Amino acid sequence: MSIKKSKFFFEEELIETIGEVSEEIYKTLPKNKKLKIIGKKIPRYDGYPKVSGKAKYTFDIKLPNMAYAKTLRSPFPNAIIKSIDTSKAKKMKGVIEILSHENSNDIKWYRDSSFLFDKHVRHEGDEVACVVAESENIAEEAIRKIYVQYEELDFEVDANDSMKNNKLKIHESGNIRKGKPDEYSRGDIEKGFQQSDIVIEDEFSTEIEIHNPTEVHCSVVNWENEKLKVWDSTQGIFSVRGSVAKALDMEEENVQVVKEYMGGGFGSKLEAGKYTVMAALLSKKIKRPVRIALDRKEMNLAVGNRPDSTQRLKVGVKKDGTLMALSHYSTASIGAYPTGGGCSWPLKTIYKCDNVKTEDYSVFTNTGKARPFRAPGHVQGIFALDSIIDDAAEKIGMDPLKFRLKNYVEKDQVWGAEYTSKLLREAYQQGAEKIGWKNRNKTPGSQSGYIKTGIGMASQIWWGGGGPPAHANIKITKDGIIHVYSGTQDLGTGTYTIISQIVAEILEVPIDKIKVIIGDTDITPYGPSSGGSTTAPSISPAVRDAAEKMKKKLLSAGAAIFKTEEQNVSYNEGIISNKQNNKIGFKEIVINVSGDMIVKGSREENLKGFVTQSFGAQFAKVEVDTLLGTVKIKNIVAAHDIGRTLNRQTLENQFHGGIMQGLGFALMEERIMDKDYGKMLNPNMHDYKIPTMLETPEIDVIIVSECDEKANNMGVKGIGEPAMIPTAAAIANAVYNAIGVRIKSLPITPDKILMALNPKN
Amino acid sequence: MQKFEYIQPSSIKSASKYLRKKNGAAMPFAGGTDLLGLMKDNIFSPKQLVNLKKVDDLNYIKYDETEGLRIGALTKLSDITNSEVIKNKYTALHQAASEVATLQLRNIATIGGNICQRPRCFYFRGEFDCIRKGGDTCFAVTGNNKYHCIVGGGPCYIVHPSDTAVALLAMDAKFKISSGNVEKVVTAKDFFVLPDTDDMKENILEDGDILTEIILPNLSSSSISSYIKVKERETWDFALVSIAGVFNRNGNIIKDGKISFGGVAPAPWVEEEVNKQLENFKVTEESISKLSGIAFKNHDALEMNEYKVILARNLIKKLLLNLV
Amino acid sequence: MKKSNQPSNPNRRKFLKGVGTGIAGAYLASPALETKAKNISNEILDSYEGKIDFSLTVNGQKYSRKIDPSKTLAEFIRDDLNLTGTKIVCNQGECGSCTVLLNGDAVYSCHMLALDADGGEVITVEGLESNDQLHPIQESFIEEDGLQCGFCTPGQIMSAYALLNKNSNPTDDEIKQGMAGNLCRCGAYPKIFDSVKAAIKK
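Protein sequences, first through last, are from chains F, B and A.
Heads up: the first sequence begins at 56 in this note's numbering, then just goes up one per residue.
Heads up: the second sequence begins at 11 in this note's numbering, then just goes up one per residue.
Heads up: the third sequence begins at 962 in this note's numbering, then just goes up one per residue.
None of these hints come from the bench; they were simulated from the model.
Values in this document were obtained by computation on a predicted structure and should not be read as measured data.
Where hints are given, some of them may not hold.
Lysine-lysine pairs mimicking BS3-like chemistry, simulated, CA-CA at most 30 angstroms apart [to be verified]:
#1 Lys1027/A - Lys145/F
#2 Lys1162/A - Lys96/F
#3 Lys13/B - Lys687/F
#4 Lys89/F - Lys174/F
#5 Lys1012/A - Lys146/F
#6 Lys1023/A - Lys143/F
#7 Lys1023/A - Lys117/F
#8 Lys608/F - Lys533/F
#9 Lys687/F - Lys89/F
#10 Lys1012/A - Lys64/B
#11 Lys63/B - Lys1158/A
#12 Lys143/B - Lys97/B
#13 Lys64/B - Lys1127/A
#14 Lys13/B - Lys352/F
#15 Lys63/B - Lys1027/A
#16 Lys1162/A - Lys63/B
#17 Lys186/B - Lys156/B
#18 Lys13/B - Lys1162/A
#19 Lys96/F - Lys1158/A
#20 Lys27/B - Lys1023/A
#21 Lys86/F - Lys489/F
#22 Lys27/B - Lys807/F
#23 Lys64/B - Lys1023/A
#24 Lys143/B - Lys27/B
#25 Lys689/F - Lys194/B
#26 Lys109/F - Lys1027/A
Next comes chain F alone, as it looks inside the complex (with noise of 0.2 angstroms):
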């Protein structure tokens, strides 16, 4: 164990963290067809609390004596607060406390901003005040007595437009973040082009997708003295705490984050909310515990999304396929705080080019700032890019799957590393297998009658690599249950499952003797943020180096038991046994120990020189009725390189997730905003339409790799954002491949569709 600055790269920055690392180096795992429980059908850990109905989600917390708040959000894009008249609310019976800018301090927020409660509300669902009451329902009622003047500014709501206002500043520092756009290029662009063969450009756009997690944004928070706990659905216990401690200006030890169950997050819950330091305050001022919850409503305008796009792509090819200059330009609404909306990663990695310009501009808007949506960037700028290429692929008489082999890179483009694995092209094959590439339309739109089927695919690229810090902790109790504790969370993702898995299978111990513990700062130790498909990759190896660590640490008190050396026992199936043959089983030798037997399990560094991606493809079948202009997804092939599977069916589970959210991004999924009063006019789970049973596909996912070694000490890379990668973008070239008509926009809608293939109407 020691401390090191450690390096990985993450979400197109070179992360360099300094913290604890395990120096171990364990044998790679043998494959999973000779493991007893990693990578087999377990049933999901946390199955029985959940389906009773017993498991008890932030939403669910009551404690005694707890009063509820609600926030009163503005309901202007841009606006100055003049003055705030909560008399009327503070009258009513049950009305306990009421916050505001008036009577709290300037916490800063946003990066420095903005507040906690800002004068300057700069978007529809910027919050104003936050009430305390007896009851949610009387909170409610409160918000709309409290009597507000606004000063109404003049605002922007589409990115395009804040670009070329020079009269509007959303910001101090103008409506471009930074000034200027992120920039990129290597090589030559302009000879690139001029050695092209076909030179074609394109423009392509995608709308903002809202997270909509089923469970709301919630926090319950109660304060013992000066120490808060702050039970918190959230991606990120250890984020919170840090966030929450600075804004109450209090030290991190004395804040609590606690989270066991959650109801999704997909990006959304990364960073603490403002509703939970209000609640704080609230609290520590009525001295009862708070509990605040956001409504549907607040959910689709004020904790995230992600950004749109505007995106136009410039691709040379020669008329053998090579590609020889690829460009993008985008534009995206980031909302009206500082974050990030580029999209042009996959395109500078995915196929290989050795001229590549990019240019990302992140666009402020009087809209709710972004936040990371699985995958971020990466959705958006496959869809374009797959489209052109496909496009580009078409305009050589070229086979679009042959393209991409074509253009097959094996080593990282951006930073020269190379790849720990890259089986892309095994995902390639054999997706296009499962699918029937063969058997696909040759000429687009070319089938005759109503309805028209066709086939399209798509790659993605991902960080999976994870990295430290990232700790588990593992200790044996003499009741001979095998406790383990690591601070990560579990989304739905499955983390319960995994660690119980591994424990379960390098200790070789029946997994029911396994209980699992994260999610509390107090009690479990560090991990990171369950965002960025990191959490598989940075705890599984940490909890192996517990569990391996146990393992000597068992044989050694087994050892000490039967008054041995240690080269004289052996382990097996949480037996030592000596060289007599005598045996002795862990619990009985943690009866004997006298103190506890507990282990610290740290993830390793990540190879130097190396950058871990996950890779895979996507296939769609689709059928348009080009009556009506509806698509319908018949069969989806999900072909990816992600190391080395450690639950099959919750692996499955994750894929399915990721697609049927591809598929509402590509066919339904949208925030319409009125652009002349700069309001959500969607802010609901049904007018923003979401996938149902009934658009599910057949789905089949193949995982072409057995196991990264160089990766981390368990082979793993993550899975949550390369399962929603390509789906989109494979859909939209099916329904190219199908009606022969190109939709550059998505969601593709039966309008666009009924447009697009009756021109003259």
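Since the structure of chain F is provided, determine the placement of chains B and A on it from the hints.
Okay, now just chains B and A, sitting in the frame of chain F:
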């Protein structure tokens, strides 16, 4: 939701009287699936809700070969979808009712409520002081009008959201309205109003009027009917455009028939020119194309909804193609 | 193509009349009804605590209370009876997570008044387990992994329960139609389907 009093009368007469007395402050409450949504969004805040579910007996499906079909307005949509006689003899109504929302909502929602539901327009259901709510602007006209009407609009451009209403119009349904002591029966066509008649109501009901019964004539044994609803997702969605057709047919010859549309106008809609052609109409690829071409010739599509003209015409094709 | 009868506003930025300046913070009540209604003071309704007699059998146990009319069935189940298995996700009857059985029918408990269930029988997810033994449907959801985050799961299970009670051998299509009123944002639909199908055999 703001608080309200829950009034539970046991007769139509007292319900009607109470509603009239309260002058709009009280609202009738059937399944509540629409009204509760409007109340939760604070579009309406009635001081009293008048529960119609315990009133007399408005929950029935009665079929008689001479009288036809009589459905109590408080009949649940799930009872309508489960009714064999409606499925077999009034198929368009069965299909329309089956297309409404989801099973769980159909287990609560009533056909009367479905017919009287308020529009789905974003602006009507949002914080906009629009014409239908007594203001003087239609925000959809210059704003987002993708889902709005292509005919019959002005000064308000909503579409009527009900599926059952479209089928009922095609089947020449009549509605019985009770107003305490007085009862009257109107045709489905006369029940609905267009904005140029009244831009704040979708139907002729006044305070105190209660829709009590839907009456459908007996259809001949050679009659078939169907309903097609085009949506952006496969369930739980209002129609982009929908179509109902009732035909008396002999093989591929339509002796007479009636087609009605949903999703195109502030009321369930018929294209008279199209229906006129349905007398001794032989269904062929060519005749269908020709027929769909004459529909919606004088449309008033808005900036974002021209696709509805295409879709409505194509639905005529689809409906008739399905016949043969 | 008709655009509008109204003169186009040269100033593209428009402001909502009546929202904001001097008026209650968040929402507009319908001005039409405000003018039509008699002037009933809000104060009276604020203190109207609404005590209406109400009784409901939930998971076999009868409860009698006095409740406010505006209480939804989901609120009664969760807040008054502390049965938090039933979740509130959209509170508008738009997602299905609050699905319970009422007199044998699957309904969205968040989108109906508790009073409308008066005298009826409700089954929630907590009512399926008996004597520490999970219901076969619940077992199937574990075996087939018909869940991820689990928040929509009680609603899914109740819809499956309602479906199989009415139709013990549904076709694939009938399963999908029966489950169509339950959203799952995690996208676990294929395995939810498998879970319901597996439960048929039990």
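Consistency of the hints with the structure:
1. Lys1027/A - Lys145/F: It holds: about 27 angstroms lies between the C-alpha atoms, which stays within 30 angstroms.
2. Lys1162/A - Lys96/F: holds, 20 angstroms
3. Lys13/B - Lys687/F: Judged against 30 angstroms, a Cα distance of about 44 angstroms means the pair is violated.
4. Lys89/F - Lys174/F: This hinted pair is violated, its Cα atoms lying about 62 angstroms apart.
5. Lys1012/A - Lys146/F: Roughly 23 angstroms separates the two Cα atoms, so the pair holds.
6. Lys1023/A - Lys143/F: It is violated: about 40 angstroms lies between the C-alpha atoms, which goes past 30 angstroms.
7. Lys1023/A - Lys117/F: holds, 23 angstroms
8. Lys608/F - Lys533/F: Holds. Lys608/F to Lys533/F sits at ~15 angstroms (cutoff 30 angstroms).
9. Lys687/F - Lys89/F: violated, 40 angstroms
10. Lys1012/A - Lys64/B: holds, 19 angstroms
11. Lys63/B - Lys1158/A: Measuring from Cα to Cα gives roughly 36 angstroms; hence the hint is violated.
12. Lys143/B - Lys97/B: Answer violated: Lys143/B to Lys97/B is near 38 angstroms, above 30 angstroms.
13. Lys64/B - Lys1127/A: This hinted pair holds, its Cα atoms lying about 26 angstroms apart.
14. Lys13/B - Lys352/F: This hinted pair holds, its Cα atoms lying about 20 angstroms apart.
15. Lys63/B - Lys1027/A: holds, 20 angstroms
16. Lys1162/A - Lys63/B: violated, 39 angstroms
17. Lys186/B - Lys156/B: violated, 34 angstroms
18. Lys13/B - Lys1162/A: Judged against 30 angstroms, a Cα distance of about 47 angstroms means the pair is violated.
19. Lys96/F - Lys1158/A: holds, 18 angstroms
20. Lys27/B - Lys1023/A: violated, 35 angstroms
21. Lys86/F - Lys489/F: holds, 24 angstroms
22. Lys27/B - Lys807/F: violated, 50 angstroms
23. Lys64/B - Lys1023/A: holds, 22 angstroms
24. Lys143/B - Lys27/B: Satisfied, since the Cα-Cα distance of roughly 24 angstroms is no more than 30 angstroms.
25. Lys689/F - Lys194/B: violated, 51 angstroms
26. Lys109/F - Lys1027/A: holds, 27 angstroms
In summary, the numbered hints that this structure violates are 3, 4, 6, 9, 11, 12, 16, 17, 18, 20, 22, 25.
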